[in-house]
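Visitor: Listed here are the chains, written in short residue letters.
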Amino acid sequence: MIKLQTPISEETARSLKVGDEVLLTGTIVTARDAAHKLMVEERPDFIREHLNGSVIYHCGPVVRKGTDGSYSFVAAGPTTSSREEPYQADVIEEYKVRAVIGKGGMGPKTADGLKKTGAVYLHAVGGAGSLIAKKVTKVDTVYKLEEFGTPEAFWVIQVEDFPCVVTMDSHGGSLHKDIMEMSAGIAKELMDK
Amino acid sequence: MELKNAMLELLRRASTDLAPDVEKAIRQAYDNEDEGTSAKNVFGTIVENIELAREASTPLCQDTGSIICYVDFPVGESEKKYREALEWAAMEATKLQYLRPNAVDPITGKNTGNNIGINAPYMHFHQWDKPEVRVRVMLKGGGSENVGTQYRLPDAALKAGRDLKGVRKVIIDAVHKAQGYGCAPGIIGVGIGGDRVTSYALSKEQFFRTLGERSENPELAKLEEGLIEDLNKLKIGPMGFGGKTTVLGVNIGLQHRHPATYYVAISYTCWAYRRKTMIIKGSEVSYD
Chain A
41 MIKLQTPISE ETARSLKVGD EVLLTGTIVT ARDAAHKLMV EERPDFIREH
91 LNGSVIYHCG PVVRKGTDGS YSFVAAGPTT SSREEPYQAD VIEEYKVRAV
141 IGKGGMGPKT ADGLKKTGAV YLHAVGGAGS LIAKKVTKVD TVYKLEEFGT
191 PEAFWVIQVE DFPCVVTMDS HGGSLHKDIM EMSAGIAKEL MDK
Chain B
122 MELKNAMLEL LRRASTDLAP DVEKAIRQAY DNEDEGTSAK NVFGTIVENI
172 ELAREASTPL CQDTGSIICY VDFPVGESEK KYREALEWAA MEATKLQYLR
222 PNAVDPITGK NTGNNIGINA PYMHFHQWDK PEVRVRVMLK GGGSENVGTQ
272 YRLPDAALKA GRDLKGVRKV IIDAVHKAQG YGCAPGIIGV GIGGDRVTSY
322 ALSKEQFFRT LGERSENPEL AKLEEGLIED LNKLKIGPMG FGGKTTVLGV
372 NIGLQHRHPA TYYVAISYTC WAYRRKTMII KGSEVSYD
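Same order as they appear, the protein sequences are chains A and B. The first sequence begins at 41 in the working numbering and counts up one residue at a time. The second sequence begins at 122 in the working numbering and counts up one residue at a time.
Accuracy of the hints is not assured; some may be wrong.
[What the hints assert, rightly or not] Residues of chain B placed beyond 10 Å of chain A at every Cβ, according to the derived structure:
#1 E169
#2 N338
#3 F362
#4 T398
#5 I400
[Unchecked claim] Below are the DSBU-like pairs computed for lysine-lysine, each with C-alpha atoms no more than 30 Å apart in a straight line:
#6 B:K286 / A:K228
#7 B:K286 / A:K174
#8 B:K286 / A:K217
#9 A:K174 / B:K354
#10 B:K354 / B:K365
Think of the hints as simulated: they come from the structure by calculation, not from any bench. Computed from a predicted structure; not experimentally measured. Each residue gets a CB set at the ideal place from its N, CA and C atoms; glycine is no exception.
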């Protein structure tokens, strides 16, 4: 198990390989469809300091607002990453993001982006909403809550020992590609049976 | 018994308390994987999450899905009463964080913030001859909904003809294409026949069947059994990491088709397979 702490250096990001299991600690930012579209189209600066050397988490959380106005995460598993495929590589490069957490993996454009900038794709367990919320120790701030709604807002959060697996690395490795190819052969055999 | 509070409890249970048949299948899948594999670890995390969600009464998954509700009610009852109760319950469940706000306007992109919108929640009403009321609710996740698909047989590319062999081929194709995107291991609901709309509707209704319960039609039962075995040979595994369990179940339903059409709709639900049933008999309410 590899302990990973944000901010993550390019060297550390490049040292990670497909199959590595990591426990991530530090500040990360949730961002999904509306956020990625905004980051590519308008390149906003408000999120820059939070993303430099940091991590984007594809997640639309369930959030509780306390009586004192503070927020806490109630359920916070990963969402499907492939929807961000058109944007991800540009976002990684623009904001010097060192890791993206999601589920399902991403395609060739992101794979090239990971290689170019020096970053990894981390897979969290989809559906483990309650468990992962326990790893979120604090909500620092939120952007675009009113405009985008709770699931789509940028939540800047602190996590402790968030368990993930490296499934795409900066060397062109992708577990998703491997499984897709392996299972394609089996599917063909089964269909011909 | 106040109907709206009973509906709220139904939603709470659906979101936080995984059904026993699904949990059993997941625990078996955990036992079946080899020590030290990512698949084993994933199932371990899933089991831990199931226990935690139930104990803390928090959503199993942050995507608490689209609310799809089927009400069977006796002659003379009002649909409106159930609609109003469910809408109140959905708003309340959102405030209590049992549900995430999931109703978004396709034009403005604005989230209504309370799960209420046009056809949200979506309700099916059915009058029946029994004295009791049955309310079944499904919280259908969006990620797994995106991997659902519909085929029109014959399918030349897959060499799938208009028979059960053709149906089998397209199901294998759909599950292969789904990989881990729909939070595998999944449960596959299949609707054969009908039109574009009803084939999908039939595929979704299959999700109310208990896991392991085979179709009453012997040919479909055989197809289901064979597919569970074959689909798990794909070795896509939990989350698409590779592993021995790719599907937890395959449930197939059929209906008559128009001579010119042959649709096969395939719905996929993630392992966080959330459905609950409530029976109202007079003033008594029970949940299953």
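Visitor: Checking each numbered hint in turn, tell me which of them this model violates, lowest number first.
Guide: 1, 3, 7, 9
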